[in-house]
Amino acid sequence: MKIFRDEIEHIALLARLSLSVEEKELFGSQLNSILEYMEKLKELDTKDIEPTSHVLSLLNVMRDDVPGYSIPREDALMNAPDSTDKFYRVPKIIE
Amino acid sequence: MKYEAVIGLEVHAQMLTDTKIFCGCSTKFGSEPNTQTCPVCIGMPGVLPVLNKKTLEFTIKTGLAMNCNIPSYSRFARKNYFYPDLPKGYQISQYELPICEYGYVEIVKDVDTIYVLNDGETKKIGITRIHMEEDAGKNIHESASSARGGGSGGGNYSFVDLNRAGVPLMEIVSEPDIRSPDEAVEYMKKLRTILRYLGVCDGNMEQGSLRCDANVSVKPAGQKEFGVKTEVKNLNSFKFVGKALDYEIRRQIKVLEDGGKVVQETRLWDSERGITESMRIKEEAHDYRYFPEPDLVPIVVDQRWLDEIRASLPELPDIKRKRFVSEYGLPEHDADLLTSEKSTAEFFEEAVKQGAHPKNTSNWIMTGVFNYLKEHDKKEISETLLKPIHLVNLSKLVETAEVSGTMAKTTILYEIFDTGKMPEEIVKEKGLVQISDTGEIEKAVDDVIAKHPKEFERFRAGEEKLIGFFVGQVMKMTRGKANPQMVNELLKKKLS
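If you read the protein sequences in the order shown, they are chains Z and V. Residue numbers for the first sequence follow the working numbering, so the first one is 1 and each next one is one higher. Residue numbers for the second sequence follow the working numbering, so the first one is 1001 and each next one is one higher.
I should point out that these hints are in silico values taken from the structure, not numbers from a laboratory. Every value quoted in this text rests on a predicted model; they were computed, and no experiment measured them. Hints are supplied without guarantee of correctness; some may be wrong.
[Unchecked claim] Each computed BS3-like pair below joins lysine-lysine, with the alpha-carbon atoms no more than 30 Å apart:
#1 Z:Lys86 - V:Lys1088
#2 V:Lys1492 - V:Lys1451
#3 Z:Lys24 - V:Lys1492
#4 V:Lys1079 - Z:Lys92
#5 V:Lys1124 - V:Lys1476
#6 V:Lys1190 - V:Lys1219
#7 Z:Lys42 - V:Lys1079
#8 V:Lys1088 - Z:Lys92
The following block holds chain Z by itself, in its conformation from the complex (with noise of 0.2 Å):
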């Protein structure tokens, strides 16, 4: 399995990353040896063997529905690059 150009910018487009010709180049390649390593894993024969979901053997790890506490609305804003004095500020959503 190889991947190309088109997909390199379909994935850098999904992340939100803009990319140089340069580095497509690059990560293009970097993930192919990725892939190239996958590919040789798909060797193994796994036909008796549980799909992993997680790497922690633990089950069933739950809260009860007991409020905790919230943050102050100043400090959850405080991070935001836009806000007013109660909501994040974002660029104007076409909907």
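Dock chain V against chain Z, hints included.
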């Protein structure tokens, strides 16, 4: 050409928990913007979500009530996309291994035809899956100037409130088994009824705690393959579900009739203009790159827990409906209406258990009570002064012929709503005791005949339907107090 519609619904139900699905923030509706958030639900780095146990119980309950299979192993998945109301850049949802699969709900077939309703014939709508997920935040656009705080942006900004981000949702996905807008509405109502019986969702479509998207396609009647579908969004009332689907089906048929092709797309229902409109999404095609959520461990539901949850289920609407028919001899139509809200069904049953006549009680609830609620913009009987004991006593008054049925369902019932007084008290105060004295009624009948000689002649000449006119006049003269049956008999005797 004749066409057939194929509809499947995706319904999002907000769960009635006190806290969010993965953190302890409150889910209270209508709070000040951005005051119910924490590092988990606003996507700060390094935090870990922990599942709210109640959301799992609620979803399993719903699955069992909708006849689903509950797989022993389930897990969460990340759905990746960027949007300002989604702080993490992904939504925690479920993908390959949802918590509930392959169920169904029964709806009454073709709601327009009462005769089918009377047969109690039902249709099964398949449930593909029910899964848990977190809600996104709320975007407020510049035009909603009253809602925004602080600095104006001159129309170039949107504002984000993350109080809703992380509120627990159930997504209930149906099979494409629905064939008409009416069936879709009936299915939605059934889901709502079940969710409310279970107490897992308040079912308020206007406030958005129950939301619906529809997948719709049309095909020539009898053709096996489905046509190209569109997804219709923004269906936030039962009325709009029906209207939007009706519009969209007709639109698609027209496209095909004109020799065109239906384009697979998302369309938005515009309730003001009564049309669906293409939602042009300028961004990439949906490419969510789902993968198993590494921050949450898998869920294993063992048989014991499942049995416990099953045992905690209330009597469900379908079973209650059938029982109301068999136990109280109610028509299917009555049983269906009475059981659509658990509180109404319980009210009815409480009255009947204390001795009220089942069919009379059913009539009073379906007409008098429902009308009163509608007129006074109330949702439940508990918001009024009416108690089951009122109907028990009212029932006795009618059965002993102390008052007429008409008097019971109009004057007395309304007086109870206004004052909360007992029916016998109202009868005494207002002098509503039914006149069953032959002499008195006969006098009234004679008076009416004397006053209306023309009608009397016409009746004698064979215009039999005038009997109704005479009954009406006698009732009017006695201010509704005459025993209608006796009036009828006496009139027949006098007129013939």
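Tested hints:
For the suggested pair lysine 86 (chain Z) and lysine 1088 (chain V), the alpha carbons sit about 20 Å apart, so the restraint of at most 30 Å is met. Between the alpha carbons of lysine 1492 (chain V) and lysine 1451 (chain V) the distance comes to roughly 17 Å, so the proposed pair stays at or under 30 Å and holds. Our distance criterion of 30 Å between C-alpha atoms is broken by lysine 24 (chain Z) and lysine 1492 (chain V), whose separation comes to about 98 Å. Under the criterion of a C-alpha separation no larger than 30 Å, the hint pairing lysine 1079 (chain V) with lysine 92 (chain Z) is consistent with the structure, at around 24 Å.
Among the hinted pairs, lysine 1124 (chain V) with lysine 1476 (chain V) is inconsistent with the structure: their alpha-carbon atoms are about 50 Å apart, more than 30 Å. Taken as a hint, the lysine 1190 (chain V) and lysine 1219 (chain V) pair is honoured in the structure, with Cα atoms around 26 Å apart against an allowance of 30 Å. Annotation: proposed proximity of lysine 42 (chain Z) to lysine 1079 (chain V) holds, straight-line Cα distance about 25 Å (limit 30 Å). For the suggested pair lysine 1088 (chain V) and lysine 92 (chain Z), the alpha carbons sit about 19 Å apart, so the restraint of at most 30 Å is met.
Checked against the numbered hints above, the structure violates hints 3 and 5; every other hint is satisfied.
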